[in-house]
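S.K.: Each chain, written out:
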Amino acid sequence: MVTKTEENQLNRLESQVDNGGSGAWEYLCLVRKLKLRRSDKVLKHGLSILNNPSKRSALGPEEWTLYEQVAVAAMDCQSLDVAKDCIKVLQKKFPDSKRVGRLEALLLEAKGSWELAEKAYSSLLEDNPLDQTIHKRRVAMAKAQGNIPGAIEWLNKYLEIFMADHDAWRELGEIYVSLQMYKQAAFCYEELILSQPTVPLYHLAYADVLYTLGGLENLQTAKKYYTSTIDLTGGKNTRALFGVCLCTSAIAQITKGKSKEEKEGAQVQSLAAKVLEKDYKQRAPDKLPQLTTALKSLTLSS
Amino acid sequence: MGSSSGDLRYELSQNAYIKLVLHSLNHLTSAVNGVLIGRISPSNDAVLIDDAVPLFHSHLGLLPQLEISLMLIEEYFSAKGLNIVGYFHANERSDDYELGGVAKNIGDHICRYFPQAAILLLDNKKLEALKKSKDRSAVTQLYVRDASKNWKLVHSEGNNRFSLREPSANLMLLDYIASEKWQGIVDFDDHLDDISKDWLNPGLFN
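Chains U and A supply the protein sequences, listed in that same order.
If you read the first sequence in our numbering, its first letter stands for residue 1, the second for the next number, and so on.
If you read the second sequence in our numbering, its first letter stands for residue 1, the second for the next number, and so on.
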């Protein structure tokens, strides 16, 4: 995940390079480091370096990393000829390389030659049964072909081996949400919270899923995780603040004044509402009237 | 309320249309959605879609953000005499023409408040072909609910059920795409991450 400083740095570099300034290599390194998907920009700026012999040789051994990065970006933008050329260069420099072999298989994927790609990956896996990237490509291929149940199956198999891969758990959680399989999504976020309990995003996602599932117990738990998100983010997370208000209102509609927790709940809700109103007043004043009305309707129903 | 959904026309304004397509172009690798804003025509025979608000580009199937956004959006537009009259959805994969569960559920929810609500699904093939074809029809598919409340695709070739209000809308769209105007589009996800970002996108059509 990307921090705010990294995001700002990236955006600054991106607009600098887009406007003809320097720093293309710095930008490309940052994109690679943060594992971002900015394929059109990577393709454009990467090619400008690669097509310039002096810039290219100035990179030294990093030249090959750039060829790889541009090849992948080209495939993402369906510029398959560019990708082919980059791969050819790499094949010449590193014959019999497994890493280049992965790129070749990726190119088959990009062309839509699923069976050939599957064969290529299988044979690569024979020599490297624990290559995470290749396992993940299997999931990606299933997804790309619209075989979501297949993707889920592959991803679950992957997680049995690589259970500490947080990105994979997140991907699985997102797939489950898109299929409205909320219980299974909740399980994924539980795993993430267990392994990284101080990452507020997981608390927030878990709370969102629980709220969506509904029912008194889930709503009460969701509220707890919205408040823990607020704790972990120093009270600054708008979604969590809204979440608290929504939960309190929904819980009150179910319990209808029969619960003792409600007075306490109302306090947390009005606190959250106050924070939201203050924030909107400061940063989005033209949206304040709608916010006030919405919050009123949420507190009235609780 | 006038005629049933079986007779109604649906007319999409240029601004709403361009906003929704640009939103999907801003998030090429994920599914996106949005709501349609409008009213019933004075003659009671059409739903006029005057505007649109892009909603999310991640976790479309989660309720909290959806509920908040609908509350705030409905509140804003009702003061102008407009309602949420439909839903826009663009699938994650370019070759996916299925109207999925999430889209149908959100559409059903909107129908509770506006029974003649429609769903527009982005047609990626048409969008891609737009640069070469001189097609004036929208790059979206229209779905309405039948009498048993199932979402059905409306074939508008030949009849008048779905139209773009401005005949040059596609030319404008291509223009906006060429100048990469999709870069600045703010959706509700962006707003919730940073409330200073305005989901009304006021500067978009200046």
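Calculated directly from the structure, the hints in this document are not laboratory data.
Yeah, the Cβ is synthetic: ideal placement off N, Cα and C, and Gly gets one too.
Some clues are possibly wrong.
Partial list, computed: chain U residues near chain A (C-beta under 7 Å) [unchecked claim]:
no., residue
1, K92
2, V177
3, S178
4, G234
5, T238
6, Q290
Here are the simulated distance ranges between beta carbons [unchecked claim]:
no., chain 1, residue 1, chain 2, residue 2, range
7, A, H109, U, K236, 37 to 47 Å
8, U, F94, A, T29, 46 to 56 Å
9, A, P167, U, E190, 25 to 35 Å
10, U, L34, A, A129, 27 to 37 Å
11, U, K157, A, A79, 45 to 55 Å
12, A, Y113, U, R56, 54 to 64 Å
13, A, D45, U, G23, 17 to 27 Å
14, A, Y113, U, R99, 50 to 60 Å
15, U, R56, A, P167, 30 to 40 Å
16, U, D96, A, H155, 31 to 41 Å
17, U, E6, A, G203, 46 to 56 Å
18, U, E7, A, E180, 32 to 42 Å
A short, non-exhaustive set of chain A residues, derived as facing chain U with CB atoms under 10 Å [as the list claims (entries may be wrong)]:
no., residue
19, M71
20, I177
21, W199
S.K.: Now, for every hint given, state plainly whether the structure supports it.
M.R.: Hints and how they fare:
1. Checking U:K92 against chain A by beta carbon gives a least distance of about 32 Å; that is not within 7 Å, so the hint is violated.
2. Because the closest C-beta pair between U:V177 and chain A is about 5 Å apart, less than 7 Å, the hint holds.
3. Below 7 Å, beta-carbon pairs count as interface contacts, and U:S178 has one with chain A at about 6 Å; its hint therefore holds.
4. The closest approach between the C-beta of U:G234 and any C-beta of chain A is roughly 16 Å, which is over the 7 Å cut-off, so the hint fails.
5. Checking U:T238 against chain A by beta carbon gives a least distance of about 5 Å; that is within 7 Å, so the hint holds.
6. Here the hint on U:Q290 is kept, as its CB sits about 4 Å from the closest CB of chain A, short of 7 Å.
7. Between A:H109 and U:K236 the C-beta distance comes to about 30 Å, which lies outside the given range of 37 to 47 Å.
8. Taking 46 to 56 Å as the suggested C-beta distance range, the pair U:F94 and A:T29 does not conform, at roughly 29 Å.
9. Distance hint check: the CB atoms of A:P167 and U:E190 are about 53 Å apart, inconsistent with the given range 25 to 35 Å.
10. Under the hint 27 to 37 Å, the C-beta atoms of U:L34 and A:A129, about 35 Å apart, fit the expected range.
11. For U:K157 paired with A:A79, a C-beta distance near 53 Å keeps the hint of 45 to 55 Å intact.
12. Judged by the Cβ atoms, the range 54 to 64 Å given for A:Y113 and U:R56 holds: they are separated by roughly 60 Å.
13. With their beta carbons about 58 Å apart, A:D45 and U:G23 fall outside the hinted range of 17 to 27 Å.
14. At about 55 Å, the beta-carbon gap between A:Y113 and U:R99 stays in the expected band of 50 to 60 Å.
15. In this structure the supplied range 30 to 40 Å is violated for U:R56 paired with A:P167, their Cβ-Cβ distance being about 50 Å.
16. The given range of 31 to 41 Å is broken by U:D96 and A:H155, whose C-beta atoms sit roughly 55 Å from each other.
17. For U:E6 and A:G203, the Cβ-Cβ distance of about 27 Å falls outside the hinted range of 46 to 56 Å, so the restraint is violated.
18. U:E7 and A:E180 have their C-beta atoms about 20 Å apart, which leaves the hinted 32 to 42 Å range violated.
19. Checking A:M71 against chain U by beta carbon gives a least distance of about 4 Å; that is within 10 Å, so the hint holds.
20. For the restraint placing A:I177 at the interface with chain U, the shortest Cβ-Cβ distance is roughly 13 Å, beyond the 10 Å limit, so the hint is violated.
21. The interface hint given for A:W199 holds, since its Cβ lies 8 Å from the closest Cβ of chain U, which is under the 10 Å cut-off.
Going down the numbered hints, you'll see the structure goes against 1, 4, 7, 8, 9, 13, 15, 16, 17, 18 and 20, while the others check out.
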